[in-house]
Structure formats: structure tokens, C-alpha cells
Amino acid sequence: MAIPDTSHYCLLTTAYSLTMLENFSFRTIVEYLPLFGQGLVTTVWLSLLSFAGALAVGIVLAAMNLQRGWLFRVPAKAYIDAVRATPLLAQLYFLYFGLPRLGIILPELVVGILALSLNSGAYVAEIIRAGILSIPRGQVEAGVASGMTYVQRMRLVILPQAFKVTIPPLLGQAIVLVKDSALLSLIAVAELTRAGQLLASDRFMPAEGFVTIAAFYLLLYYGLKGLAALSGRWLGLAGART
Amino acid sequence: MTSNRSKNGAGMIEFRGVNKWFGALNVLKDITLSVEPREVVVVCGPSGSGKSTLIRCINGLETIRDGDLVVDGQRLGDPATNMTRLRTEIGFVFQSFNLYPHKTALENVTLAPIHVRKIPRAEAEKAGRELLAKVGLADKVNAYPAQLSGGQQQRVAIARCLGMRPKIMLFDEPTSALDPEMISEVLDVMVAVAEEGMTMMVVTHEMGFARKVAQRVVFMDAGAIVESGTPEEFFSHPKTDRSRAFLSKILRH
Ligand SMILES: Nc1ncnc2c1ncn2[C@@H]1O[C@H](COP(=O)(O)OP(=O)(O)OP(=O)(O)O)[C@@H](O)[C@H]1O
Ligand SMILES: [Mg+2]
Numbered sequence: 010m011a012i013p014d015t016s017h018y019c020l021l022t023t024a025y026s027l028t029m030l031e032n033f034s035f036r037t038i039v040e041y042l043p044l045f046g047q048g049l050v051t052t053v054w055l056s057l058l059s060f061a062g063a064l065a066v067g068i069v070l071a072a073m074n075l076q077r078g079w080l081f082r083v084p085a086k087a088y089i090d091a092v093r094a095t096p097l098l099a100q101l102y103f104l105y106f107g108l109p110r111l112g113i114i115l116p117e118l119v120v121g122i123l124a125l126s127l128n129s130g131a132y133v134a135e136i137i138r139a140g141i142l143s144i145p146r147g148q149v150e151a152g153v154a155s156g157m158t159y160v161q162r163m164r165l166v167i168l169p170q171a172f173k174v175t176i177p178p179l180l181g182q183a184i185v186l187v188k189d190s191a192l193l194s195l196i197a198v199a200e201l202t203r204a205g206q207l208l209a210s211d212r213f214m215p216a217e218g219f220v221t222i223a224a225f226y227l228l229l230y231y232g233l234k235g236l237a238a239l240s241g242r243w244l245g246l247a248g249a250r251t
Numbered sequence: 316m317t318s319n320r321s322k323n324g325a326g327m328i329e330f331r332g333v334n335k336w337f338g339a340l341n342v343l344k345d346i347t348l349s350v351e352p353r354e355v356v357v358v359c360g361p362s363g364s365g366k367s368t369l370i371r372c373i374n375g376l377e378t379i380r381d382g383d384l385v386v387d388g389q390r391l392g393d394p395a396t397n398m399t400r401l402r403t404e405i406g407f408v409f410q411s412f413n414l415y416p417h418k419t420a421l422e423n424v425t426l427a428p429i430h431v432r433k434i435p436r437a438e439a440e441k442a443g444r445e446l447l448a449k450v451g452l453a454d455k456v457n458a459y460p461a462q463l464s465g466g467q468q469q470r471v472a473i474a475r476c477l478g479m480r481p482k483i484m485l486f487d488e489p490t491s492a493l494d495p496e497m498i499s500e501v502l503d504v505m506v507a508v509a510e511e512g513m514t515m516m517v518v519t520h521e522m523g524f525a526r527k528v529a530q531r532v533v534f535m536d537a538g539a540i541v542e543s544g545t546p547e548e549f550f551s552h553p554k555t556d557r558s559r560a561f562l563s564k565i566l567r568h
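For the record, the sequence lines run as chains A and B. Residue numbering for the first sequence follows my numbering, beginning at 10 and increasing consecutively. Residue numbering for the second sequence follows my numbering, beginning at 316 and increasing consecutively.
Rather than coming from a laboratory, the hints here were simulated on the basis of the structure. All figures in this text were calculated on a predicted structure; none of them were measured in a lab. Cβ coordinates follow ideal geometry from the N, Cα and C atoms, glycine included. Among the hints, erroneous ones may be present.
[Stated by the list, open to error] Stretches of chain A that chain B covers, calculated by requiring three or more beta carbons in the stretch to come under 8 Å of a beta carbon on chain B:
(1) 141-151
(2) 166-172
[To be verified] Label-pair distances were calculated between CB atoms; the ranges are:
(3) 393/B / 142/A: 28 to 38 Å
(4) 336/B / 76/A: 20 to 30 Å
(5) 436/B / 159/A: 16 to 26 Å
(6) 337/B / 142/A: 17 to 27 Å
(7) 146/A / 395/B: 25 to 35 Å
(8) 235/A / 492/B: 33 to 43 Å
(9) 81/A / 435/B: 29 to 39 Å
(10) 398/B / 116/A: 50 to 60 Å
(11) 451/B / 158/A: 54 to 64 Å
(12) 337/B / 158/A: 25 to 35 Å
(13) 172/A / 499/B: 48 to 58 Å
(14) 361/B / 235/A: 49 to 59 Å
(15) 395/B / 188/A: 50 to 60 Å
[Said to hold, decoys possible] Simulated crosslink set (DSSO-like; lysine-lysine; CA at most 30 Å straight-line):
(16) 482/B / 441/B
(17) 449/B / 433/B
(18) 173/A / 234/A
(19) 433/B / 173/A
(20) 554/B / 564/B
(21) 455/B / 173/A
Could you build the full structure based on these sequences and the hints that come with them?
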């Protein structure tokens, strides 16, 4: 009995998608292209800013987390856990609705960039920490034995080596951040997803709207992946030296 | 800093009743040992006897719990002792070389002189090239560690220490990670350094090296110095059962 039902559904959905494709309005997409273009540009630069923020947050958190004493380490760990354990959407709303209550009124875009920086920063912190910890103990000892201070060791020995190992996972995190930035559409930031939503709601064309933004995200994804591959090749060359 | 000088401070390195624990393990037991300037002391003993720990205490890679350790007239753990400064006077050669993989041979040698000793780059590089030539690596100045054999890497590591113009050189089994055919090239460099009058403590089981340049061999077992004497005395007439057992083992190889 279940079998005819299923085939029935299959037929229905196939028919539905066929009509969808038939009615798929490329013209509307072209018409909305300037809007998508603006959304894309916004997504790109807000992601760049957020990633810069994430790097800053991540470096500070990683440095705190690498301290021996608990005074800095414990708050850093607690923050990282809190961010990783809760949904980004919850964090975004927490800032969006929470900050005004504290009397801090910020434009949506700023709240969005702040949320992405604070969120992504926790992941970046772990990437940086893992990169630093991946450097063999003997490197630290060689620096210590030659009379380098902690700062000199970090700057001359540890960070240049950790940098190489962290580039690929950092680019991975950048890809995640670009996709996460879609959530900012929910607080009315005019980024790429928002453009898709507008097309969907103004013209009742969700397929057109969301297929188009998917295509743009794919474009960004390949851009970043290409960058990762390039850096990988560069690091691969440098890696032969290690 | 006369107050900071040891009272009977003739020794370049002076252990007086030094004890160290790793948790419940008493790794160094009441160590008393004095190394004179220009003296070469070879430290040997079975695995886990505390040889590495002993020499790592000298430049503060390990800290001692009690007793006195005075290096170049400065007491370790004394607030008046600037440990980073003192370390610039002490070269340390590791078993696993620990060269900086992202730096060329020359950069490995000049990094600390430039940034720690604050020697002008050009001058440091000139000295670095000379040192690399001295250890037989004039043609490897721009090579990265991964492009060098183990023996070559260890020679760069020795040059890296010499670049700081240290008063003391410590070696922790510098040849035991090397293929047999590379051991002598490293030992030859060490002999040359010893013959220039460097104060050296060398953890090694290379008896040929000990006989050639060491004034003294110190035998450790289970964290204590069990025996100490000239290489001739130690290798030909070991006094204790433990040193005899140890020697028969390393001689069999
Ligand atoms: N960081 C550490 N924490 C705890 N125990 C340690 C540590 N380092 C060394 N030990 C222990 O201390 C003892 C002495 O170690 P050490 O490395 O000084 O011996 P060694 O004589 O150099 O041995 P080997 O010939 O194997 O290098 C060993 O029992 C070792 O397991
Ligand atoms: Mg050892």
C-alpha cells in the first residue's frame, strides 16, 4: 500500500519541479541583479571586517588560553566553551536585543559584525592555540637556551612556524563565517541572503531568490577555496624546508 | 655584583648538594660537582640515570629544589641572577638538534646574536659564515635544516651555540640520534671546540671522545654521581660494580 503512495509522490514532485523550472524566471533574476550585487558586496566586506575582528579576538583568547596561571586561562576557556555550545542565532539575538537594554544602541550592521567577530573569534582562538601547540617543545627549548625572552621566542621562533600550520584551517573558518553571515539577514542587514529574501517576498519567487544567492555563495566559496589551495601550494613549497 | 659571586667560586659550574624531584622521583640526589674553567667533563650512565636533567639544570631548562648551583659566579634561583642573560653565556646542544626549520643554516646561527646579543646584522652574518665554515659547512649557508643530513644539522646546531660566544657549552647526547657514519664529523667539531679551551659538559657514551679531550668522566646511576675520575682511570679501572656493569654493556656494542 505504501508503494503506490510513494510513486505517486515521486510523480508529483517531479511534475512540480518541472513546472518550477518552466516558470523559473531568469528575467526577474536579471532585474534584481543590482540588488544581489549590492548584497554580495556587503556580504564580502562585512565578512572581511568580521574576520579581522575574529582574528583579533582569537589572538587575544589564544594568548590568554596559553597562560599557565588560571587567571586568564579560565575566563578564556569559559568564553570559548560558551560560544561553541550555543547557536550563533542565539548569540546574535542576545546582542541584538540585549545591548539596547544596557543602553548600547548600535546599527544592525555593527551588531552583526560584532556577533560574527565574537563568535568566529572563539573558533579562531582554538585554531591558533592548536597551531602554537603543534610546534615541538624542542623549538621552545632552543629559544630559551639561547637566551631569548618569551616575546622573542614567540615572535622569532614559534609564531612564524605556527602561522604556516594555521593558514589552511583559518581559511576554512573564513568560509564558515561567510555562510554564517547569512544570519544577519534576520536583523535586516542588507547582505546577500537579504537580497534573496526580498526577491522571494516581493515577487513570491523563493526559488529564484534562493537559487541565485546559493550561486553567489558558491562563487565566494570557490574564491576562498582557491585562496586556500594557493596558500597550500605556497606552504607546501615552504613545507619542504621543515 | 660581588655579592652574587660564589665564595670559593673557582668553578665555572658548581653543584653543591643539589637535589631535584619529578613528583615522587628523586632524579638528582645530592649532587656535588665542580667544573673548572676550560675543563671538559664527560657524563655517562644508564638510561634514566639523570644525565640530561643534570646538565639541563645548568641553564635553567630544569629548576632545582634544593642545594646550590652556581654558574659563572651566579647562583641559580637567586633574585639577583638574570637567567636570560646567563643563558647567553651557555650553549646547549640537543640530541635532536632543534634547529629552527623555517630558517636557513646561516639564519639559525645569527638569530640569537642579532636579537639577543644585539650584534649588528652584517657583523653577525660575517661571524656566522665563518663559524659555518669552521664546522665544514661553508657551502650550506643558505640550506634549510630539512635539506641537511643529521650530522650536518648537528654541526649547524653547534655553530649556532658558538655564535653567541658562550663561556660554557653543554651537550646532551649530541651524536646518539645520528647514523654511525655521521658521528665522527660531529665529534671532530666538538674536539676542536674543546681544544680551543671551552668549558664543556658532555653527556655521551663516546669513549673515544672522552679519552681524547675529557679531563674527567662522571658516572651517574639512579640520580647520583657514583664515580668520577680521569677517562683512563674510569675506562680501564672502573671502581664500582655498577660502572663495570655499565661499561661492559656499552663496550659490547
Ligand atoms: N619532565 C619530566 N617529568 C617527569 N619525569 C621526568 C621528566 N624528565 C625526566 N624524567 C625522569 O627523570 C629520570 C631522569 O631522566 P633523564 O632524562 O635525566 O635521564 P637520562 O640519564 O638523560 O636518560 P637517557 O639516557 O635515556 O637520556 C628518568 O626516570 C625520567 O623518566
Ligand atoms: Mg638524556
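Now for the hints, and whether the structure bears them out:
no. : hint                      : verdict
1   : 141-151                   : holds (count 5)
2   : 166-172                   : holds (count 3)
3   : 393/B / 142/A: 28 to 38 Å : 32 Å, holds
4   : 336/B / 76/A: 20 to 30 Å  : 25 Å, holds
5   : 436/B / 159/A: 16 to 26 Å : 23 Å, holds
6   : 337/B / 142/A: 17 to 27 Å : 22 Å, holds
7   : 146/A / 395/B: 25 to 35 Å : 29 Å, holds
8   : 235/A / 492/B: 33 to 43 Å : 41 Å, holds
9   : 81/A / 435/B: 29 to 39 Å  : 37 Å, holds
10  : 398/B / 116/A: 50 to 60 Å : 52 Å, holds
11  : 451/B / 158/A: 54 to 64 Å : 32 Å, violated
12  : 337/B / 158/A: 25 to 35 Å : 26 Å, holds
13  : 172/A / 499/B: 48 to 58 Å : 38 Å, violated
14  : 361/B / 235/A: 49 to 59 Å : 56 Å, holds
15  : 395/B / 188/A: 50 to 60 Å : 58 Å, holds
16  : 482/B / 441/B             : 21 Å, holds
17  : 449/B / 433/B             : 23 Å, holds
18  : 173/A / 234/A             : 16 Å, holds
19  : 433/B / 173/A             : 27 Å, holds
20  : 554/B / 564/B             : 16 Å, holds
21  : 455/B / 173/A             : 24 Å, holds
In the structure shown, a violation is registered for the earlier hints numbered 11, 13, in ascending order.
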